[in-house]
Amino acid sequence: MEKIVQLTLSGIANGAIFALVALGFVLIYKSSDVINFAQGELLLIGAYLTYTTVEMIGLWWPLGVIVAVLLAAIIGVLIEQLVLRPLIGEPVISVIMVTIGLSSLLRAIIGGIWGVTPRTAPQFLPRDTITLFGASVGVDRLWAIALALTLFALLTLFFRYSREGIAMRAVADDQQAALSMGISVKKVWAVAWAIAAVTASVGGILLMSIFGGVSGQIARVGLLVFPVVILGGLDSIPGAIVGGLIIGLLQSFAGGYLPPELGMGEVVPFIILLLILLIRPYGLYGQRIIERV
Amino acid sequence: MQSGTFHTSYASDMALRPYWIQRLRIVIVLIALLIFPWFADRYWLNLANTIAIAAIGAIGLNILVGYTGQISIGHGGFLAVGAYTAGLMAVRLDMPMWITIPVASCFTALVGAFFGLPSVRLKGLYLAIATLAAQEIIIWLLTHGKLLGIGESLSLPRAANNLFGMPLADLGNNDFVFYWITVGCLILTVIFVSNLFRSRTGRAFVAIRDQDIAAQVIGVDLFRYKLLAFAASSFFAGLAGALTAHYRGIISWERFTIDTSILYLAMIIIGGLGSVSGSIYGAAFMTLLPALLSNLARAVSGFVPDINAYLPYIQQGAFGLAIILFLIFEPEGIVKMWRNVKDYFRLWPFSY
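For the protein sequence lines, the chains are H and Y, in the order given.
The first sequence begins at 1 in this note's numbering and counts up by one.
The second sequence begins at 1001 in this note's numbering and counts up by one.
Hints are computed from structural coordinates only; laboratory data are not their basis.
Glycine is no exception: its CB is placed at the ideal position from the N, C-alpha and C atoms.
Misleading hints may appear alongside valid ones.
[Stated by the list, open to error] Listed next, the in silico SDA-like pairs over lysine to any residue satisfying Cα-Cα at most 20 Å (straight line): (1) H:Lys-30 with Y:Leu-1125; (2) Y:Lys-1336 with H:Leu-87; (3) H:Lys-30 with Y:Gly-1124; (4) Y:Lys-1336 with H:Pro-91; (5) H:Lys-30 with H:Val-92; (6) H:Lys-186 with Y:Gly-1124; (7) Y:Lys-1336 with H:Glu-90; (8) Y:Lys-1336 with H:Ser-94.
[Claimed, not checked] Some chain Y residues flagged as far from chain H (calculated, every beta-carbon gap over 12 Å): (9) Ala-1113; (10) Val-1120; (11) Asn-1173; (12) Trp-1180; (13) Leu-1188; (14) Ser-1194; (15) Ala-1231; (16) Ala-1291; (17) Tyr-1313; (18) Arg-1346.
Bound-form chain Y, shown alone (with noise of 0.2 Å):
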């Protein structure tokens, strides 16, 4: 077992996986990814799509908030962006998805920069403030979208879902196609985050949450990196919203409400702040626990009557509860207590 870290040349130094048990951890679970589309059944196809774009989103999310300590609250409006402008290109200008998809990672990304502005002057629960009203002027733009020629909501023609001319759907159901896109999308998003992180701009990101000031000293252009964080976070928010709008083929504003913006910042903050699968195990978590949830409700079903009636209660009340017990008792999150669980491991049975 590993019980110190021996470099003996820097390209071991800067690996993202130095030891053979991280790359084995790797390996097995890319195998089972691979593994495991042939053997689900829908339901856990659509969960794992669920996860999956969630889990990009959330690694946006946490670019701009864990890594880069800007607090925003206006996630879910740039996930709207992206599914809006994917959408809006499949629908007009009849483009498939591998042209929308891109375009609209863009495009988000730019309306993302431009409400980082304020972020010029403000820090903090001012920017929060600020990012909140963001959110509510998108949303306020797509329910009083007569300019835009949106209705309530947006229906995607099912051509416009087909790799360079081939259709989607020759090649299986939905869920199942989708699973290779959402994870390979997901894959590349983590290779790149993770490398991010290595490289001068990450470096700056982080050197902006630390410590603004001393950032600013040591030659980091503030305005041009806060407004980078900005982009590079929307970027992430528009690729999972355009994957949305493809993969279920309606889009409605009430997806990406307010409440959305909040279900995001919850995933980084129970999965772990500034930590790429923190986010990830976030992502899971807050998809599987409303599953998990009535899939008891239905178990118990027979005993408590009522219980379906409640369920959408108790599955708020456990978001809420969730969040709050995270906050109270590992406010590290999930990838601090699986690191916890790995320590007790590595020096078992000497710890001290």
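So here's chain H without its partners, still in its complex pose (with noise of 0.2 Å):
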């Protein structure tokens, strides 16, 4: 009992981080149908910004939080602007190309500003832990669980009622109409990326606080983001974060149950993912658009 309430509660908290990385990813390829690799180096993006603004300047950590948000959001829109914007419709291959390029360029810049070795994480969620069901559980993880939570419903209310919100929808449901009804289609591109960079960024963020250090093992997760918005449907949002949910319960029971020396929490995501291409590659929320061969 004690071991089914701990690796559900990590994998809901792993999970709600997955959620937030695979909405960004969601967001872009709705608005412009960019696969985009380096959503894994906007991660890392925002956990060493993070780290310079608390841990370096000495900034109070609200405040190093929002800063770093705030320039991984510029970062995202000047990734838009210079590196995709020249390949609007280009096939295919050239676009998963170039953000593959891109993730390359990110990690090389910020190998070389902060180097590779580990760092140790500014502590700013409490490390303590309390007792839940019997079952003795890091507090910092119901943190991460409640700081994805009132993202999310910020982003909802966001879509729902503001006027940046309700033109991504349009663009996304029909790229013709939105133009002629004089949205600027351009201006929702960078907005998506703005929007993806802080998602990610914040996922990074609260990565490094459950990890304590912060590395290039946070990219690692910019590749699970493939089986989430898969399985939850490429181009849903609900998916991305029933998709992340479930990714992220699955690889902690699978990690805690199977046994340890064979890894299985790595790889469950990625047999999972080509079952679900298998059956039904739309996911459980997509739309059913898939071209058939």
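Assembling the complex is the task here: the two chains are given apart, and the hints tell you how they should meet.
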């Protein structure tokens, strides 16, 4: 019982972070049909910027996080303007490759500035444990879940009521119609990258806090985004959230119950990914417009 | 000089190299390849071997991505299958390389066809993501390979490097002997693949790339030819992997991660998609770029003392930047740049 509660909670916490990262990925895909392989590097940027503002400059941590997230948003917009804008209308492989090249470039820049040795993260989430259903659970995981939920709620409100949010939904729905209604598609793309950078950064910051350190390992989560979005449906925001939670839980249980020397936690998401692609490629909530061969 | 395309027989129309100037170039290249190893030192021989092996792998990937239009991010995994098959055969069964390399290539072709099965239902980016899963699963099998009995790395016995009972060590130093093997394999690969795309099978691949539904309508069995493309592509990946295993003598899974898959994709994008010579240019570019940068770094290390500490990042950044710049400014790759140069001189001085 104790193990189940622990595994469930850590699964949900990881899943919530996956969902955050996947959310940005889905937003970019929905608005501009770009598959972003550099999502993991966006996580790293958020984590390292926070490390810089809080630990190196010494800002009060909420302020440091806000500054870091804003900087990340600016970087997201710059990436869109400089790298992806020239490739509009190019074949899928060009767009995939340019984001791959981008991820390599970003990792080199991050490595050049901060080095590769893992750094101890600033301690801003409380690290004590509380007892829940007879199991001791780290408070930082609960915080991670709460913060992720808050961000989801804010984003839902943004899409529901704000002008930009409605414009983004319009562009995702029908780009031609949105254009003819006077919506600036370019602005929507920029906003999508900014939001993706923000959600990824928050994910990176939460991971940094849970791992207790920041290193290139955080970027691994960028690959896990693929099982999540395929499971949820590549163009579905609720899908990203549900998919994130499912993958997080499965990973946690596979890692906890199957023999640890197998390291099943690493490979289970990708086995699921292959199965989903074979059985139901549009995922749980995606639109069924997969072109069949 | 050549002023147009004039063919008077079907044979000359079908020829791969119809013009004398093209044949002259082939002869010059072949002579250069023959002379090179006698003058080069081990550093350059090593680079040449690396390029030749990479070019074989890149040509393989180009069959799948450039000619058939199926994006694969799993090429590194297939290289690993080839390398480990050859390695395990040499270690466990004491097989010599002239048996292990062909067997490993064929086995990799089978594995590739298996992971090509999702292409029956998927295309475009969904297929790309499926091959990403294949890559991760293969690497997981290797890192948790207690079932296969593989440790962190695998050392091949020196005795395995013999051709028909003749130990390679007797023929000269390792780099020099392998130069003939890798370049020989590369030339065979080039001849085979260039001719493949003049055959029914190759034309079917190109038809699938250009418009799969139309291809099906004119009678191309999509399932069969896509699997065949995966198998052919993986065959050369297996060949490149097996050659790496025997040449280096030691293999570990770190050489075959997703970064390797990306490196090979970058080679064919930068060299030129759907072009055999482009694959070779791309392989050379991607192998020489980091070597050139580290030479540059050594040259300026007197003025910039910290440069060596930053070298890995500079190499990685240059890699990423090269991909981005090529995609933005010359999406058709080096082969197109080379063609532009040739076209300029072909019509010079009356280029209008």
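20 Å Cα cutoff - pair Lys-1336 (chain Y), Pro-91 (chain H)
Distance ~17 Å between Lys-1336 (chain Y) and Pro-91 (chain H) Cα, so the pair holds.
Lys-1336 (chain Y) and Glu-90 (chain H): Cα distance at most 20 Å?
Holds, at about 17 Å.
Checking one constraint from the list: CA of Lys-30 (chain H) to CA of Leu-1125 (chain Y), max 20 Å. Satisfied?
holds (14 Å)
Classify the label on Ser-1194 (chain Y) as holds or violated, using whether its beta-carbon is more than 12 Å from each beta-carbon of chain H.
holds (22 Å)
Restraint status (C-alpha distance of Lys-1336 (chain Y) to Leu-87 (chain H) at most 20 Å):
holds (18 Å)
For the pair we were handed, Lys-30 (chain H) and Gly-1124 (chain Y), check the Cα-Cα distance against 20 Å.
holds (16 Å)
Checking one constraint from the list: CA of Lys-186 (chain H) to CA of Gly-1124 (chain Y), max 20 Å. Satisfied?
violated (25 Å)
Verify this label for me: Ala-1291 (chain Y) is non-interface relative to chain H, using a Cβ-Cβ cutoff of 12 Å.
holds (17 Å)
Restraint status (C-alpha distance of Lys-1336 (chain Y) to Ser-94 (chain H) at most 20 Å):
With Cα atoms ~16 Å apart, Lys-1336 (chain Y) and Ser-94 (chain H) stay inside 20 Å; holds.
If we take the beta carbon of Arg-1346 (chain Y), is the closest beta carbon in chain H still more than 12 Å away?
Non-interface label stands for Arg-1346 (chain Y): nearest chain H Cβ at 28 Å, farther than 12 Å.
Determine whether the non-interface label on Asn-1173 (chain Y) survives the test: each CB of chain H must be over 12 Å from its CB.
The claim holds: Asn-1173 (chain Y) sits with its nearest Cβ about 34 Å from chain H, beyond 12 Å.
Minimum Cβ-Cβ distance from Ala-1113 (chain Y) to chain H exceeds 12 Å
holds (15 Å)
Hint violations for this structure: numbers 6, 10 and 17, all remaining hints satisfied.
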